[in-house]
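Protein chains: 2
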Amino acid sequence: MPRDAVADPRQEILRTAARLFQEQGYDGTSMNDVAAALKLSKGGLYHHFQSKDEILFDLMNHAMDITEERVIAPAKMIADPEERLRTVIRRHMGVVMSERDREITVMLHENHPLSPALRKRINSRKKDYIHFLENLIAEVQRQRGYKGAVSPRAAAFALLGMINWIYQWHRPEGSLQEDGLAQQYTEIFFQGALG
Amino acid sequence: MPRDAVADPRQEILRTAARLFQEQGYDGTSMNDVAAALKLSKGGLYHHFQSKDEILFDLMNHAMDITEERVIAPAKMIADPEERLRTVIRRHMGVVMSERDREITVMLHENHPLSPALRKRINSRKKDYIHFLENLIAEVQRQRGYKGAVSPRAAAFALLGMINWIYQWHRPEGSLQEDGLAQQYTEIFFQGALG
Chain C
1 MPRDAVADPR
11 QEILRTAARL
21 FQEQGYDGTS
31 MNDVAAALKL
41 SKGGLYHHFQ
51 SKDEILFDLM
61 NHAMDITEER
71 VIAPAKMIAD
81 PEERLRTVIR
91 RHMGVVMSER
101 DREITVMLHE
111 NHPLSPALRK
121 RINSRKKDYI
131 HFLENLIAEV
141 QRQRGYKGAV
151 SPRAAAFALL
161 GMINWIYQWH
171 RPEGSLQEDG
181 LAQQYTEIFF
191 QGALG
Chain R
1001 MPRDAVADPR
1011 QEILRTAARL
1021 FQEQGYDGTS
1031 MNDVAAALKL
1041 SKGGLYHHFQ
1051 SKDEILFDLM
1061 NHAMDITEER
1071 VIAPAKMIAD
1081 PEERLRTVIR
1091 RHMGVVMSER
1101 DREITVMLHE
1111 NHPLSPALRK
1121 RINSRKKDYI
1131 HFLENLIAEV
1141 QRQRGYKGAV
1151 SPRAAAFALL
1161 GMINWIYQWH
1171 RPEGSLQEDG
1181 LAQQYTEIFF
1191 QGALG
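Protein chains in written order, with the working numbering: chain C, 1 to 195; chain R, 1001 to 1195.
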């Protein structure tokens, strides 16, 4: 394990597990694989995580922490609703397109089997984010005197779809780069859902 | 097996496998599970499919067939580009929201491990659809004398994201129903990406 990981071994385990899940699938990755990739003994790994399910749940939780820290918290410091929404779009896209964050946050959208109790806790955090977006969109629509037929709820799902779908197709070396794409998606959303 | 399936047992196997993959995950479903759900012997199942991978590949291929038959072919019969695009949006959303189609087409977006050769064949069909969309969007932008900054490529990915993300959140009993949602998504996309 790299030296800086020793301070927070759980974090380093999560990051390595996320990479392995991406490369060989969640079910194709065993606890042994995770331990081996970290040069840990199996006992060493089980000291931190009792099961692969616990790793997956912690990964998803960590992904929601990233969303809160990098997207929601900075946005909430902005008073103007329209500017706040632009910040959410730009920052959420930044997370999705950041090589370091995406290997963790992409786990949120995999339909891996998680126990109903754990699944419920993750879903509740996802729902909080959707409500935050929905309320913000409603606020911007009011501020701009929006007269169109798009509801804040449909708009929130459309926006999340545009952004989260980027995981499926975006390659860092591709022709659509982060800044240009963020600008274009913001234009689509503002013209399309906020009049 | 229901009587009408006897005529096309492969189809019935695919549909049952898709349901099981949704309920218990791809890796959590064995060939035995598929055979048992169909009241087939294991030999009977292997007579039609040699492996679970073959089932998954056929499911994905079948999903692309559905897209071609229900979305692309009917759209291509429409001469006016704008009307053609509206038809694509409405019909693609119809597939995603149809209970019968979605259990098959959702498989397209799972990151299941498929051999590189098979993966390549599916990806090539996906790319054909993206190019079809991109060209159609470019045509509509020209027709409308679009002056905005949204490229047909970014617009195509935004639209696919909005629509394919519906798998993640839509429930048939929810408040956002198919007709209303198709209308709102069409409005977002036309106002947002086509001026």
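Simulated from the structure, these hints should not be mistaken for laboratory data.
Some hints could be false.
[Claimed, not checked] Straight-line alpha carbon distances no greater than 16 angstroms define the calculated EDC-like cross-link-like pairs of lysine to aspartate or glutamate that follow:
1) R/1076 to R/1139
2) C/127 to C/83
3) R/1052 to C/139
4) C/52 to R/1139
5) R/1147 to C/187
6) R/1127 to R/1027
7) R/1126 to R/1058
8) C/147 to R/1187
9) R/1052 to R/1027
10) C/120 to C/58
11) C/76 to C/139
12) R/1076 to R/1134
[As the list claims (entries may be wrong)] From the structure, some residues in chain C lie toward chain R, with a derived Cβ separation under 7 angstroms:
13) 113
14) 114
15) 116
16) 117
17) 145
18) 149
19) 162
20) 169
21) 173
22) 174
23) 191
24) 193
Glycine included, every Cβ here is placed at the ideal spot set by N, Cα and C.
Agreement of residue 1052 of chain R and residue 139 of chain C with the hint, judged by alpha carbon distance not exceeding 16 angstroms: violated (49 angstroms)
Status of the hint placing residue 162 of chain C at chain R (closest C-beta pair under 7 angstroms): Holds - the Cβ of residue 162 of chain C comes within 7 angstroms of chain R, reaching about 4 angstroms at its closest.
Agreement of hint residue 169 of chain C with chain R interface, Cβ distance less than 7 angstroms: holds (6 angstroms)
Hint check, residue 174 of chain C versus chain R [nearest Cβ-Cβ separation less than 7 angstroms]: Because about 10 angstroms separates residue 174 of chain C from the closest Cβ in chain R, which is outside the 7 angstroms limit, the hint is violated.
Pair hint outcome, residue 76 of chain C versus residue 139 of chain C [Cα-Cα no greater than 16 angstroms]: holds (13 angstroms)
Status of the hint placing residue 114 of chain C at chain R (closest C-beta pair under 7 angstroms): Violated. Min distance 10 angstroms.
Given pair status - residue 83 of chain C, residue 127 of chain C, alpha carbons within 16 angstroms: violated (22 angstroms)
Closest C-beta approach of residue 193 of chain C to chain R relative to 7 angstroms, hint status: For residue 193 of chain C, the interface hint holds, since the closest Cβ of chain R sits about 5 angstroms away, which is under 7 angstroms.
Hint status (Cβ of residue 145 of chain C to nearest Cβ of chain R, threshold 7 angstroms): Since chain R brings no Cβ nearer than about 15 angstroms to residue 145 of chain C, farther than 7 angstroms, the hint is violated.
Hint check: 7 angstroms Cβ-Cβ cutoff, residue 117 of chain C to chain R: violated (17 angstroms)
Residue 1126 of chain R paired with residue 1058 of chain R [C-alpha distance capped at 16 angstroms]: Satisfied, since the Cα-Cα distance of roughly 14 angstroms is no more than 16 angstroms.
Restraint status (C-alpha distance of residue 1076 of chain R to residue 1134 of chain R at most 16 angstroms): Holds, at about 14 angstroms.
In this structure, the earlier hints numbered 2, 3, 4, 6, 14, 15, 16, 17, 21, 22 are contradicted, and the remaining ones agree with it.
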